[in-house]
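Spelled out, the chains give:
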Amino acid sequence: MSLDLSPLTYLLALAFGGTLLTFFAGSRARWIALATAVGTLGISIWLLANFQLGLATDYQFVQVTHWLTLSTGGSAGLAVNYTVGIDGISLPFLLLSAILTLVTVIYHWDERKNPAGFFGLVGLTNAGLLGVFVALDVLLFFAFWEIVLIPMFFLIGHWGGTRRHYASLKFFVYTHVASVVTLVSLFAMVFLGNWGSMDFGGSISTADVAALNVQSIPQITQVLMFGALFFGFGVKLPMVPFHTWLPDAHVEAPTGGSVLLAGMLLKMGAYGLIRIAFPLLPYGHVAAEPVVLGIAFLSIVWGAFLSLAQRDLKRMVAFSSINHMGIVLLAIALWTQLSVTAAVLLMFAHGLVSGLLFLLSGSVHHTFGTRDIPSIGGITSRTPILSTMLIIGSLASLGLPSLVSFPAEFSAFLATWEALGWWILLPLFALVITAGFYLWMLQRLSFGPAHGIPEKARDLPFNEMLAMGLLVSLIVLYGILPYLIVQLIPHSAIFATQCFHGGSTVCATQP
Amino acid sequence: MIPLDELLVFSGLLFSIGIFGVLTRRNFIMLLISVEIIMNSAILNFVTFSAYSPSSSVAQAVSGQGIAVVLIGLAATEVALGLAIVLALNRIIGSVDVAKAMELRL
Amino acid sequence: MSYTIPTISPYTPEISLLVAVVLIFLLDVAGVKSRILLGGATSLFLLLAFLEVLADLGTWPLQGLSTLPSGYLGTLQGPVIFTSFGLIFQGIFLAVALIVGFASISDPDEEGAPTFYALLTLAAIGMLFVAVSADLILLLLSIEITGIATYALVGYTRRDRRALEAAMKFYIIGALSTAISFFGASLLYGAYGTTQLSAFSTLPANHELALMGFGMVAAGLAFKATLVPFHMWAVDVYDGAGPNVAGFLSGGSKKMGLFALFVVFVAAVRVFGAAEGYVLFLALGSLAVITMTLGNVLALEQKTMKRMLAYSSIAQAGYMLLGVAIDTPAALAGATLQITADVLMKTGAFVVVGAAASLGIGPLITDYKGLGHSRPGISASFAIMLLSLAGMPLTLGFVGKFYLFFAAVEAPGYFILLAIAGLLNSAISVFYYARILRLMYMPDDSKAPASDGHSLTHSTLGSATGPATPRWASLRSEITAVGTARWITIVSVAVLLVLFGIYPTTLVGAMNSAAQQFWTIGF
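Chains as they are written, first to last, in this note's numbering: chain C, 1 to 511; chain E, 512 to 617; chain F, 618 to 1140.
Don't take every hint at face value.
Using 25 Å as the maximum straight-line C-alpha spacing, the simulated DSS-like pairs for lysine-lysine come out as follows [claimed, not checked]:
id : chain 1 : residue 1 : chain 2 : residue 2
1  : C       : K456      : C       : K170
2  : C       : K113      : C       : K170
3  : F       : K920      : F       : K986
4  : C       : K170      : F       : K920
5  : E       : K611      : F       : K986
6  : F       : K986      : C       : K113
7  : C       : K170      : F       : K650
Anything over 12 Å on all C-beta distances counts as not near chain F; from chain C, calculated [stated by the list, open to error]:
id : residue
8  : Y82
9  : I373
10 : F410
Derived Cβ-Cβ restraints for the label pairs, each shown as a range [to be verified]:
id : chain 1 : residue 1 : chain 2 : residue 2 : range
11 : F       : G657      : E       : K611      : 37 to 45 Å
12 : F       : G729      : C       : L20       : 41 to 49 Å
13 : F       : L679      : C       : F24       : 28 to 36 Å
14 : E       : F521      : F       : L682      : 48 to 56 Å
15 : F       : V1112     : C       : L477      : 19 to 27 Å
16 : E       : M541      : F       : S1109     : 26 to 34 Å
These are calculated hints, taken from the structure and not from any lab test.
All figures in this text were calculated on a predicted structure; none of them were measured in a lab.
For each residue, glycine too, the CB sits at the ideal point set by N, CA and C.
Start from the sequences and build out the full structure, keeping to the hints where you can.
Below is the structure:
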């Protein structure tokens, strides 16, 4: 036990403390929320600047503080620690979470319906997300995982659209059931694997844990546990048979809620797969690979076709998220250094781009009074800035070079080609469909003869422009200079993907 | 001396009568009496086992009778409280019929 | 024969409470009906007793003030034994009484107020003896002392028809269960020749007689602990009794039954478990799963708040029964932790129901609609209690459930199934807790929701408006409306839930060592 606090602890303290203040701040809530968001972003950038590349240890800024000890039969007991630390995989998510929270606060600057509650819940979501991405202890991870659900439930249920009650409950039930399944499997992993503590990184290395698992857990049990974890994380992702909560939640959520939902909450599932399910249950994922790949392909194609069929702009973006997360799942399933790097990068890109698109669909809705694509058109003449943003967002989403999605999708397809050969045609085909529905949407909405635009429609107000501008500049920045974020990932991806094979020299030096 | 088996059968019968009464009676006073019969079967048991105790320790052998005395006191206390409750209830609903006191079903 | 004259110093908590009872009766004779005086005095004495128990446990900052002679823990033979496990339960029971006693200060003054406090304190005394009994007869007698006090407590006003009905039902069931328990005890006396709990840890010559005796004792205790199929009365009684009394029954009297079950199990039934193999544990485990499932499923369809809480209380009893069904020290520690959590959550929730009633809010769950906006303080506290009941992280309820399920997964054999059943159950329970949260914070307002949280016309930066009334003023009016004592109780219970949820280290450590000691040494 030490009292040296990691900067990550300060980050969490700031996020939770700021949230608490926001709830009680009344009319000044948005200023405190803004300060908190800027503060967390500042610390995240500081972490980025001080993050050392190529170290022999994977996790940095680690802090292990004893929390409680559970008594077990005979032995010294199982330690549950407050263990935090980050590596190149979690750092991009920290940045993304801080950025999207800031963007949400700016976009909703004029929120009128109980602003203290709204900004407080947004802050709480951010705090929980940061916790998920820094936690290196099973229980801590799960605790933060559950915390994220609560504010999102309220955000959808109170600030959402007309069917918000149904959507919020559906969201909560789906994800809560998934969490419960996850928890059982996590416990089983800790006990059957004879872990001495609940840490899965930090004080004991991933390699040790994986070795323990392989030795002490029968293969069939590993497969079952992997199945449970895959289901639990996959519902969040969402993968195709369990994706139905997503469109409802997205369509009914307020704009900022959608941004956080698509930008961050979906990433939690993939992060769980990368951080826990795949590296710690090596046999399980090898055995389950065909199923995982099948689901990934299904998500990709099914998501693309469903988007094509949508008339509602927001619904379309929501379904395209399923398609994109399918590519992420595909990249994770391949489980090579390149593919994991691609998966993390894809999620970072998708966070920025889908965030922008959800902001846009929100703006389209309250500017034109509808999100129905066919009923409005030719908006460029009346609202040029909105239209420009829409074009940039769509192009980014379909993977135009020099925008952030391109390097991500390119490396994902490269990894797919290396591993699976001609199967790559399937996701590529879906990519064509994606490009198709975005371009079709642009053709109907931005270009063509103007119709269906109400008299009082004006272009974006300053705060919305600022929020979108922030995202657009990041999309362009990371599109042109992808190494700024890419350089972090591969080193950690090696730790994640190769340690359990035991052959890598990198892992031998892990403390 | 009465054989142990017969005493046990007798207390078992008392117990069964009490349970039967609790299950079938709807009059509060009758319920009270049924519960007391069960209590008495327990008291009888204590005395019986005390009398037939194989234990060499006098304290252990006699303790059953002591418990019996305490239980008689306990039973009396219970009945006093039960009657107090039923009196108060009778003043309100004018009956000691348990079936009439059915407001608590929503 | 030689006698050792017992010292009275270990009994200071009980003596403090006896003094309190005498004082209350004297005040009653003097014609004092003021709740502030009576309740204040009761709460002070309860607090004193609570601190004495903490001192006996050696809790910071009271270590070294223990009234127990050194070496007393777990070694004294006789009708009374002071184990740290029992002392922890003494603390739990006193905490319930303290919460109820302090919160009820805010009830209106009335003729029956002195009776209420006297009965409450008497019930607490009985509970204290339950926690330190080493003899089955003393255990059952103490339970009945508490029982008699609580039967009267339910109907103490003697005017409210529903309360009297509840008292009658409670009385019949309570007296019946006690009688059955005593019958079982008499059989055990026949089988073992003594009623010392420590003697029960060997298999007797007459196996069947002893097994029957344990079955009957356990059935009687199961009534108190509201385990299915002996749960039917609980809902009606909690519904009919006043909210504070219901909180005391759910938080105190029921936990007393569970504690007694633990004691009987640890003292004796484990022996049979070893002899009969897994059958006994299978039966207990199934009973636990049935209890929690039935409680949760029936809670789903309840329309009134009290009945919903009553069914959820039954479900919680199922979780706690896992503590003995799993048969490891970890499970016992987990169950104790869950009991501690439930004492705070359930008693607190019933106090909230009382507060709501004093605000003129009806008994139906739908009557709580919009409470989150009109009464922010108690709603936030209630929300924390509900989240804790649902087992959300950062609350004590999560730690308790987590520890229990941990114990189930950790134990060898089929117990992982219990953990899965428990987790599925807690998923079910989320439905009805979330429904209340939704009603409180997301009422179906008649005005159409603003599209996307925005209005169609934009305002420029800086024109947003905050809530119309200042928050602190509305909080002050809330405190006046609910009653200061009640408000303080509710909020501090919620704060404690979160505090222990974030930092359970000390609590868990104490329960671990106590359960370990109790499990291995027993009596």
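Here's how the hints hold up against the structure:
no., hint, in the structure
1, K456(C) <-> K170(C), "violated (36 Å)"
2, K113(C) <-> K170(C), "holds (23 Å)"
3, K920(F) <-> K986(F), "holds (13 Å)"
4, K170(C) <-> K920(F), "holds (22 Å)"
5, K611(E) <-> K986(F), "violated (34 Å)"
6, K986(F) <-> K113(C), "holds (18 Å)"
7, K170(C) <-> K650(F), "violated (52 Å)"
8, Y82, "violated (10 Å)"
9, I373, "holds (16 Å)"
10, F410, "holds (34 Å)"
11, G657(F) <-> K611(E): 37 to 45 Å, "holds (40 Å)"
12, G729(F) <-> L20(C): 41 to 49 Å, "holds (42 Å)"
13, L679(F) <-> F24(C): 28 to 36 Å, "holds (34 Å)"
14, F521(E) <-> L682(F): 48 to 56 Å, "holds (54 Å)"
15, V1112(F) <-> L477(C): 19 to 27 Å, "violated (45 Å)"
16, M541(E) <-> S1109(F): 26 to 34 Å, "violated (47 Å)"
When held up to the earlier numbered hints, the structure conflicts with 1, 5, 7, 8, 15 and 16 and fits the remainder.
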